[in-house]
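The listed protein sequences derive, respectively, from chains R and E.
According to numbering that gives the first Met the number 0, the first sequence is numbered sequentially starting from 0.
According to numbering that gives the first Met the number 0, the second sequence is numbered sequentially starting from 0.
Since the hints were made in silico from the structure, they are not lab data.
Any given hint could be a false lead.
[Said to hold, decoys possible] Listed below are several chain R residues computed to face chain E (Cβ distance under 10 Å; list not exhaustive):
| id | residue |
| --- | --- |
| 1 | Ala20 |
| 2 | Trp77 |
| 3 | Ala180 |
Because the structure is a prediction, the values reported are computed rather than measured.
Where is the CB? At the ideal position from N, CA and C, for every residue including glycine.
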Amino acid sequence: MRAYLALVSAGFRRQAAYRLALVSGLLTNLFFGVVRTSLFLALYQARPEAAVNGLDYQDALTYVWMIQALFGVIWVSWIWEFPESVRSGDFVTELTRPGDPWLRQLAYELGRTGQLLVFRSTLPLLGAALVLPLALPTTVPGALATVASMLLAVVVSFEVRYLFGLAAFWTADFRAPFSIAFPLLWLVGGFTIPVDYFPGPVRAAAEASPLSAMVMAPIHVAIGWPAWPVLAGQAAWVVVLGLVSRGGLALACRRMVVHGG
Amino acid sequence: MAELARPTGGGLAVYGRLVSAGVRGRVYRPGWLLVRTIGSGLIILADGFAVALVVDRFGTLAGWSAPEVVLLVALSAAGQGLGLLLGDRLEPTYFSELVRRGTFDQVLVRPTSPLAWLIATQVEARYVGRLLAGVGMVAWAADRSGVVWSGGHLLVALLALVCCATLVLSICVLGAALTFATVEGSEVVNIFIYGGVTLTGYPVQIYGSVLRFLFVWVVPFALAVYVPALVLLGRTGPPGLPAALIWVSPVATAGFTGLAALGWRHGLRHYVGTGS
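Work out the full structure, taking the sequences as your base and the hints as a guide.
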């Protein structure tokens, strides 16, 4: 356990070294946040009081800035490090180290994303909350539930990325399967518009997919949906995807051939 | 490569051969290239679908119907596809790699223009998918919003495509020039490449004055895409940005390209390598 905690702290400190990346990430969040805010303000201008598919304009603005807060920790900048290490062969050393390779990687990633949650996610959210009427939680339990939901989303994202990374064991062009799946993830996950606006069956399918645990769940908790069912659904996906990605790793290790001398 | 280096009266023919060599180098796994080409088109279709869905849900966006907004998304996506086809590898994330490893020093000793060499050898064929998907979406949106495809309108659409692509490529060049100074790549350039295109996908009147000024007169994406779309749709445009500005679009694009060229020359002249 102490070894894993050391990895969390190492990940946190490593991420803290990228100051320039942090600043440019924040600028990117600010830019896209402003553009999307303009879009939703214009859309709701015709009917400021009405809720559309359960979202009023405060919910929509909260969605916009929660997405900015989540983006850096879900589509992390180091997404290709794991498959690259498989292709270069460096991953083999991971297998010779003590402990569980999957858990070690999770611990390290939690440290890195933890740093981003503290320094990158909070700033756009708090900044936006100062000037816009966001529907963020105002009670301590509500805030804690939102943070818990964001952490679960981070773990789900790690597992989803792990599954795509595993492709590197089978093909050197591991980005290709991702590139064809990404548009679907992008749309169905709710990165570009809230899943709530989708027509009935598509919305139901999106909400039944693990992507909702990764993107929309923390947003729904933030805008005041009952927290326990959402958190339970996320936890269930953490377990299922965890088992699948660990199974995938076991399968990959069995067929792995180590080249070189 | 020996035949490429031979300084025969080649001129453009040399670059043609560089492009073909670069593309052939990348199609050693044609199946996966096809998958990535489709993927690069699908992402634009997903964006267009989402925009159509959300605008439709609300009725209009600043008085624009869903197909009319999709026309904006499609024109800028097609332009981005064409621009990134040529300029993707100049983005700081990739270009900083060339600078850090000293690979760029080798480019400098070749008997070609360094910038033309970089663009010609690093054509990213998969962006053809984005270009084609964008053009297909333009056709769909134009049909739905009642655009009549006269010869003049075709020219206007082509102008929008070329101007948008030129702006994207110019931003890539500026980003590369910036990388001479920063060495480390910076994400900020992406705000202009991807952000500029995202922003151009919606009618300009939804933005505040700062964003509007930035994207009309500094990085003139609005002049390159929004104004031609006004002409196609037969709209007069908001105050300060009338459809008549279509004549300014190519001038503003050329001006920005000139700035990018100056930036590149400045960066190149002060390039000293990274040592070792």
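| query | Honestly, which of those hints from before does the structure not fit? | reply | The structure breaks only hint 2.
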